[in-house]
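Q: Taken in sequence, the protein lines are chains A and B.
The first sequence begins at 1 in my numbering and counts up by one.
The second sequence begins at 1001 in my numbering and counts up by one.
In case anyone wonders, no lab produced these hints; they're calculated from the structure.
Accuracy of the hints is not assured; some may be wrong.
BS3-like mimics (lysine-lysine), calculated; alpha carbons at most 30 Å apart, straight line [stated by the list, open to error]:
1. A:K70 x B:K1040
2. A:K32 x B:K1105
3. B:K1151 x A:K24
4. B:K1105 x A:K24
5. B:K1073 x A:K72
6. A:K32 x B:K1112
7. A:K24 x B:K1064
8. A:K24 x B:K1098
9. B:K1076 x A:K32
10. A:K65 x A:K47
11. A:K72 x B:K1076
12. B:K1076 x A:K77
13. A:K53 x B:K1064
14. B:K1064 x A:K91
From chain B, some residues computed to sit far from chain A (all C-beta separations above 10 Å) [said to hold, decoys possible]:
15. T1123
16. K1170
17. S1192
18. L1210
Ideal Cβ positions, reconstructed from N, Cα and C, are used throughout, including at glycine.
The residues making up each chain are set out below.
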Amino acid sequence: MAKLFQLNLKKNKLKFSVTVTLKKDVLDPQGKVVENTLMSMGMVNLKSIRQGKFFEIEVDENDQKKAEEKVKMMCEKLLVNLIIEDYKISKLI
Amino acid sequence: MRSSVIVFPGSNCDRDIAVALEKMQFKNQMIWHKETSLPKTDLIVIPGGFSYGDYLRSGAIAGKSLIIDEVIKLAKNGCLILGICNGFQILTETGLLKGTLLRNKNLKFINKDVNIKVLNNKTQFTSKYKLNQVLKINIAHNEGNYFTDSKHLQELRNDNLIAFKYCDKKGNTNLDSNPNGALDNIAGIFNSKKNILGMMPHPERMIDKLISNDDGVNLFSSLLN
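If we strip away everything but chain B, and leave its shape as in the complex, we get:
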């Protein structure tokens, strides 16, 4: 499986995701945002960080960079795209994923391990997880408060496009288990074809029991399947 990680000025989780991908035996390449074409690839990862210092809106400037036209083209052809944290924000700015990420409700940058629940395990990203499995994954963001219009929210629910929801240890999704005010506790969503996943939590930080846990491993092994 070949993967490409797009690097923007201000990306800071690009090397973490590269380590995770390589550990999982992906043949990974780093792609600078000024490139206009991508080498053959099965998975494109837009990593976390603060591309362009979050100027204008998080992900807005990166969402208009040169490489993005190519990413959009490949996405439409069914290439797998994973956007993590700032990558999720960038995907919403490109229009590949609907909705947007607002400032956290409590106005604070939140960096902590939270529980999330797998809502759909019948996708290429999540097949190795159990349905409703509760994971502990790190979040680190200032704008993670997912928002979308009511029509799209209905579409997300009806078509099973919500990938992960914030929950408590037991899997209950409620206001207390919602760290950032995200609509319906949404932590990650798919596009309608389910070849694009955007998520605020960082699975690449959870691949080694020695430093955290290995709850993120199954996301990558699902992709390898």
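Next comes chain A alone, as it looks inside the complex:
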């Protein structure tokens, strides 16, 4: 029984990752400080660093298209500030 339950659970679960990054024109002071620190540590080949956010999202849905739509909605309604940030959704499971 337990095994069956686990199987069902897996079937209805889709996992996505969302990467949120600052848009190209937006200043990223945190990224800049990290960049400068790495440079001062001797990482001479380093060209540039931009810092972002990463979310792992599980959706109780077995239709991938529907699930992706839901994740997109989550991004645009809360997770991402579209004025300054871009996002990329990738499927994990």
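Given chain A's structure and the hints, the job is docking chain B onto it.
A: Frame of chain A, contents of chain B only:
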């Protein structure tokens, strides 16, 4: 004049603004963010603080709270809305004010008294100030670096929607008088109907000469007019 101050978990200037409003003879009420309706009110204040610990982005979570739907509805009907500091951040997250507030350019939390200049004194929030009057008002924030797209910036300039700009003692706005990197030294803006004001400086901290100065008083007396 009736005012309502919305309180979120993590708000910490809610009582300061209540003291200021009451001192100026507003009939004030505190409204918890889980309420879904507001009592009759002429002014809604979204206070400063760190709502929800600034999780995700400053103001992002508070911007989706239950009471906000009602605030948006009243704002569209012309109710006066004042967002101070975190309140400004929340207003941008709700979309009531355009643009956003980025991390301070120097990555530091800045708490100091700065000079700001009144750029538009023909609004319900600023009518008691003189045009280009220089005020000394406290700022205390980590994300006060105002940013918006070039189209909106043009709209702000053309329609006189910039309320305050950071400046020096003499009223000069330049890089040296910009504490946080804000675009065009912007410290506060109006929406297009000018019934909503969002500002990073704290006028409620400047209502008593004994502890600071009274440069914030005229903002409240303008509202009473």
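Q: Run every hint past the structure and note whether it holds.
A: A quick look at each hint next to the structure:
no. : hint            : verdict
1   : A:K70 x B:K1040 : 37 Å, violated
2   : A:K32 x B:K1105 : 11 Å, holds
3   : B:K1151 x A:K24 : 17 Å, holds
4   : B:K1105 x A:K24 : 16 Å, holds
5   : B:K1073 x A:K72 : 26 Å, holds
6   : A:K32 x B:K1112 : 25 Å, holds
7   : A:K24 x B:K1064 : 27 Å, holds
8   : A:K24 x B:K1098 : 19 Å, holds
9   : B:K1076 x A:K32 : 40 Å, violated
10  : A:K65 x A:K47   : 37 Å, violated
11  : A:K72 x B:K1076 : 28 Å, holds
12  : B:K1076 x A:K77 : 20 Å, holds
13  : A:K53 x B:K1064 : 20 Å, holds
14  : B:K1064 x A:K91 : 27 Å, holds
15  : T1123           : 24 Å, holds
16  : K1170           : 28 Å, holds
17  : S1192           : 17 Å, holds
18  : L1210           : 37 Å, holds
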